[in-house]
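*Asks:* Once you have looked at the hints, place chain B on chain A.
Quick mapping for you: the protein sequence lines, in order, are chains A and B.
Numbering of the first sequence is given in our numbering, commencing with residue 1 and proceeding in unit increments.
Numbering of the second sequence is given in our numbering, commencing with residue 1 and proceeding in unit increments.
Just so you know, the hints here were simulated from the structure itself, not pulled from any lab data.
Glycine residues also receive a C-beta, built at the ideal position from the N, C-alpha and C atoms.
The reader is advised that the hints may include incorrect statements.
[Stated by the list, open to error] Each pair of labels, with its calculated beta carbon distance range:
#, chain 1, residue 1, chain 2, residue 2, range
1, A, Arg102, B, Val13, 35 to 43 Å
2, A, Leu38, B, Ala15, 44 to 52 Å
3, A, Ser21, B, Arg33, 24 to 32 Å
4, A, Asp104, B, Gly26, 47 to 55 Å
5, A, Gln151, B, Ala28, 28 to 36 Å
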Amino acid sequence: MTKLLTWVLFSCLTIGCGGWSVGKARTVIELSGDGVQLTDQVGATLYRDRLDRIEAQLERNELSREEYDEAVRPFQRATAAVVSARESLRIAEAAVDTWEIRGDDRPWREAAPCLFAAIAYLKDLWEEVGLPSPGPLLDAIDIFTRRSSGQCRSQVVEEAAP
Amino acid sequence: MKHVWGEILKEAVPALVDLIGRAIDGDAEAARRLEEILSPESLMKIQDLRATELRKKHFGDNDDGA
Numbered sequence: 001m002t003k004l005l006t007w008v009l010f011s012c013l014t015i016g017c018g019g020w021s022v023g024k025a026r027t028v029i030e031l032s033g034d035g036v037q038l039t040d041q042v043g044a045t046l047y048r049d050r051l052d053r054i055e056a057q058l059e060r061n062e063l064s065r066e067e068y069d070e071a072v073r074p075f076q077r078a079t080a081a082v083v084s085a086r087e088s089l090r091i092a093e094a095a096v097d098t099w100e101i102r103g104d105d106r107p108w109r110e111a112a113p114c115l116f117a118a119i120a121y122l123k124d125l126w127e128e129v130g131l132p133s134p135g136p137l138l139d140a141i142d143i144f145t146r147r148s149s150g151q152c153r154s155q156v157v158e159e160a161a162p
Numbered sequence: 001m002k003h004v005w006g007e008i009l010k011e012a013v014p015a016l017v018d019l020i021g022r023a024i025d026g027d028a029e030a031a032r033r034l035e036e037i038l039s040p041e042s043l044m045k046i047q048d049l050r051a052t053e054l055r056k057k058h059f060g061d062n063d064d065g066a
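Here chain B stands alone, though its shape is the one from the complex:
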């Protein structure tokens, strides 16, 4: 059973990391897909992460938590 889960995760985790990366970069389809996957948690939080990345990219620093 552990072996089966290992195989599943081996494929799923890199795909998820890729999806998160694309969502943060502004890929609308990736963001929508990610929202579906993570629906039990806050969807707004995902956008919040994107906002932080945008700030970092354009102003070179992190959000000050305002």
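If we strip away everything but chain A, and leave its shape as in the complex, we get:
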């Protein structure tokens, strides 16, 4: 057991714990993309149903401006999170292309934490309103959490967060 732990520690120090490859990066981008798309589809249906009810209440003068804002706010935040995740996906995809073509993984190392932050935030929002996150999104998060990732330094994710 001690030998095994020593070997794992040695491997982590020399080649990095659960490092990335172009293939792994593409897999996580694909999973994230599927997850974000499913989230968007389900979210749009829920948002539409909620707005139908809200509109009926507004027609009957049953909602104040504050009540309206409160009812819509979770969906506005979720929409911003979806848009932000899509933007992060585009950046991550371009970063992996650069990695593959030029052999330079720095853009990916910068983009990966932001994509992770964006989809993790989306998942948190989903759980906040009591909805199960789509499987591909959870799979992508699982891959990210098992690999090293730094801090996201992009404003795209920060702007979506409250």
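*Replies:* Coordinates of chain B only, in the frame set by chain A:
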């Protein structure tokens, strides 16, 4: 080729504008159709636009970005 595209767009653009207008006004079928057309982009964003229009219509102002 340009001429063909021009003819297509001449018909398509007003139809799309009409569809957007009806979706914003709450026409469920128009919203569904629009979602299909715009599926590569965020579907939630379309509903967000409708929410902004609702706020404007009933409270006379824009969303404050909350």
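*Asks:* It remains to establish, for every hint, whether it holds in the given structure.
*Replies:* Evaluation of the provided hints:
{"no.": "1", "hint": "A/Arg102 with B/Val13: 35 to 43 Å", "verdict": "holds, 40 Å"}
{"no.": "2", "hint": "A/Leu38 with B/Ala15: 44 to 52 Å", "verdict": "violated, 29 Å"}
{"no.": "3", "hint": "A/Ser21 with B/Arg33: 24 to 32 Å", "verdict": "violated, 42 Å"}
{"no.": "4", "hint": "A/Asp104 with B/Gly26: 47 to 55 Å", "verdict": "holds, 50 Å"}
{"no.": "5", "hint": "A/Gln151 with B/Ala28: 28 to 36 Å", "verdict": "violated, 43 Å"}
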